[in-house]
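Construct the entire structure; sequences and hints are all you get.
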Amino acid sequence: MLHSALVNSPVGAEMVTVLPDVETMITVLYFGLFAMSFDFISGYTGYLSFGHAAFYGTGAYFVVLASNGKIPVLGTGTPFVYLLILAGLAAAVLAVLIGAVSFRLSGVYFAMITLGFSQVLYVFVRDWDYVGSNPRDGPAVLERTEPFSVGVPGVDSLDLAIGQLAGDSIEGFLGFLSFGTTEVSYYMIGLVVLVCYFAMQRIIHSPFGKVLVAIRENEERAEAVGYNTFWYKLGAFAISAFFAAVAGGLFAGFQRSVSPESSFYFLVTGDALLASIIGGFGTLAGPLYGWLFDETVTEFLSKAGEGGGLLPYLRDHLGEATMTTELYNGLTVGQAIDTFLNGHAELYVGVIFVLFVLFVPNGLLGTVRDRLGGPVGKQVAARLRGDE
Amino acid sequence: MTLASTLVNVVVLAGFVDALGQFLRPENLASVFVDGLAKAAIYVMIAGGLTLIFGLMGVLNFAHGSMTMIGAYLGGLLMVFAIGGSTGPGVRLLTFFLALAATFALLAGLGGVVEVGLIRRLYDRPPVYQILLTFGVTLILDELVRIAVLFYGMQPTSDWQAALGTKPSFLAESVDLGLISVSGLSLFEIVVGAATVAGLWAFLTRTRYGLIIRAGSEDAEMTEALGIDVRRVFTVVFALGAGVAGVAGTLLMWDPAWGASVPLAADTLLPAFVVVIIGGLGTFRGTVVAAVIVGMADATTTWWFVNEIDFASLPEMTIFLILVVMLILRPQGLFGVEEVGGH
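Protein chains in written order, with my numbering: chain P, 1 to 388; chain C, 1 to 343.
Since the hints were made in silico from the structure, they are not lab data.
Check the hints yourself; a few may be wrong.
So the derived list for chain C, only partly shown, Cβ under 8 Å to chain P, looks like this [said to hold, decoys possible]:
1. L60
2. R121
3. I147
4. A198
5. I309
Backbone N, C-alpha and C fix where the C-beta goes; we use that ideal spot for every residue, glycine too.
Pasting the structure below:
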C-alpha cells in the first residue's frame, strides 16, 4: 500500500526506479530468514558456519522431493506447513550430526569443516539421479497438482496458496482490499518469516541466548562459570538449521523448483554472509535489512526490462544527443551505461560490502543501535513516551 | 534377502573384483600415478600462494581463486598477442614462459595494491574480518573480469579460441614411456609444477629475503625488534602469493579440464583450501605433500568413475571427504602446528 502510494505520487517515475517490486520483496523475505538463521549461529556464538547452505538446501530439496512422492511415508499432498516443520527437523538432525564433529574445532577450522560438509552434500546432490531426471539442473515439483498453501491445514478459509502461477488471490477483503497472487504470497510468506523471527528473538533473549553471547565474548570464561558450551553450541546450531530449512522450504514452495546452485552451493552461504555484514552481524533483524538493501541495489542497478531500475530510467530520461556522445575511444555514453550497469550489480554490491567491512563493521542496524543507544523499537517507544 | 537381490549383489561384487584386478595391473597403476602427479602439480600451484600468505600473515585469502582466474585470462591474452601468426613449437613454448613471467609480475602488482590499500587496515581486527574483506574483493574482481570479457567480446568468440590454439602441438600428443603412454601436457604440468615448487623453496630457504619472511612468520615482534619492517614484508609476501596464483592460472589456460572462465575462481579456490588445510595451514612442505595426496586421490577416483562407478562427481566428492576426515582426525593438518600465523 505504501508502495502504491509512493508510485502514484508526483515523483512516481523516480520511485519506480528506486523501490523494489513485490516479487523481489518475497525473495527478500525468505532469503532474509535464511540470513537471519545464519546470523543466529555465526553472529551470536562467533562460529562462522560457512556451510550453512547445506541446511537451506535440505529444506528446499525436502519440500520438492516430498511433493514428488520421493520421501517415504509422506504423501504428495502433505500440507505445506507440515512439510516446513518436517524439513526443519530433518535439517536439525543433520546439524546435530555435523555439529557433533565440527564443534571440536574453532575459528578458521570450524568455517572450513562446515564448508567441507556442505560441499560434499552439494556435489552429491548434483549427481544423485534419485532427486530428478536431471540432477544438475535440479528437480521441479511435478507430481503435486495442488498448490502449496500457508495457514491452518484443513481449514480452507485460513489457508492461502502461495506461488507465482498457482497462488490464491483475494477480491474485496474487508470490503475494499484486493490482493493479487503475488501479494497474497508476499503476506503469507511474510507471516511465516515473522513467526520464525519472533521465535528466534525469543530464544536469543532467553538465558540460553545469553550463554551464546557469553561463548562469543569469551568461551573459556563461559566454560569456567560451569556451562557445558559444547551442548549450547550444538543446540544453537540445530535451532539455526531448523530455521534455515524453513527458509529453504519457503523458497522451494514459492518457486516450485530448486537447483543445486541456488541451494547447496557455498556462494549461497556467501550471500547470507553479505546480508549479515551489511545489515549488522549479531543483530537478529539486521540480515533481513541487509538483504533488502542488497536486493534493492541489485534491482536498482541491473534491471534491464520493464519496470524500475536505473538503466531504463537513464535510457528514458537522457536525450539522444547525450546517449551518443563519445566518451573515450568510440565508447558512447549509451554503450558505457550498457557495459557498466546491465546485469553487473554484483560489482557494486561487492564494493559496498568491502566499504562496510572497512568502515561500518557493525552494519546498518548495529550502527543505528549504537547511535540510539539500544534496540530501535525500545528507543522509539521511549522517545514517544517522553521518558528520556 | 531374496535370491534375486543376492544374485544382483554377487554380480556387482564380481564386477567390482574384476575392476580391482584391472586397476592393480601395472600399466593402469602407472598411468594413474602419472595422472596423479600432473594433478598434484596443478593443486600445488593453485594452493602454493594461499599457504604462503596464510603462513606469514595469518590471512585466509578468499580472493585467491579470483587471482588464479585473472591469471588464466591474462596469460591467454598475452600469448595471443605475442604469438599471432603461425610459429614453431619452440617459439610458442618460449612465449608461454614470457607470458608466465609477465602474468606473475602483473598479478604481484595487483596483490601488492590489495594488501596496501585494503588488508593493511584490518590487522588489528579479528581474523574473521580478513576473510570477509577478501570475500568482498572476490566479488569485485570476478565482476570486473566479467565486464571486461563481455565488453571486449573475448568469449565465446573465435578470437579467444586463438588463446587455446597457442598450445604447441607436441603437448597434445602422447609420449610413449615403455609401459604406458602419457599425454605431453601431463608431463609439461609436472615439470612446471616441480619447477615452481623448487623455485619457491629455494627463495624461502636460500635467499636473505626468504630468511626474513620465515623469521617474520615465526615471531613478527622479534623480527620487528631487529629493525626489519614486517609490514613491508607482508606486502611482498601477499604480492608473491598473488603472483604464484597468476602463474597457476596461466598453466590452467592450456589444460582442457580447466580453461579460462569466470567460474574458474570458485573452482580453484575450494581445492586450494582443501590442499592447504590437509597439509596444515601455512606450512609449505605440508601443502606439497597434501597436493600429492589430493592429486593421487583425484586420479584414482577418476579412473574408477571411468571404468566402474557411475557417479560423475566421485573425484570432487572424494576431495571434500578427505578434507572432512582430515579435520576430524587431525585438525591442524599433516605438518601443521596448533598456533600458526599471527602478527
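Should the interface hint for C/A198 be scored as holding, given a Cβ-Cβ cut-off of 8 Å against chain P? 28 Å, violated
Interface hint outcome for C/R121 [beta carbon to chain P under 8 Å]: 6 Å, holds
Hey, does the C/I147 contact hint survive, CB to chain P under 8 Å? Hint on C/I147: holds, closest Cβ of chain P at ~6 Å, below 8 Å.
Can you verify the interface hint for C/I309: is its Cβ closer than 8 Å to any Cβ in chain P? This interface hint is violated because 11 Å lies over the 8 Å limit.
Agreement of hint C/L60 with chain P interface, Cβ distance less than 8 Å: 6 Å, holds
Going through the hint list in order, the structure does not satisfy hints 4, 5.
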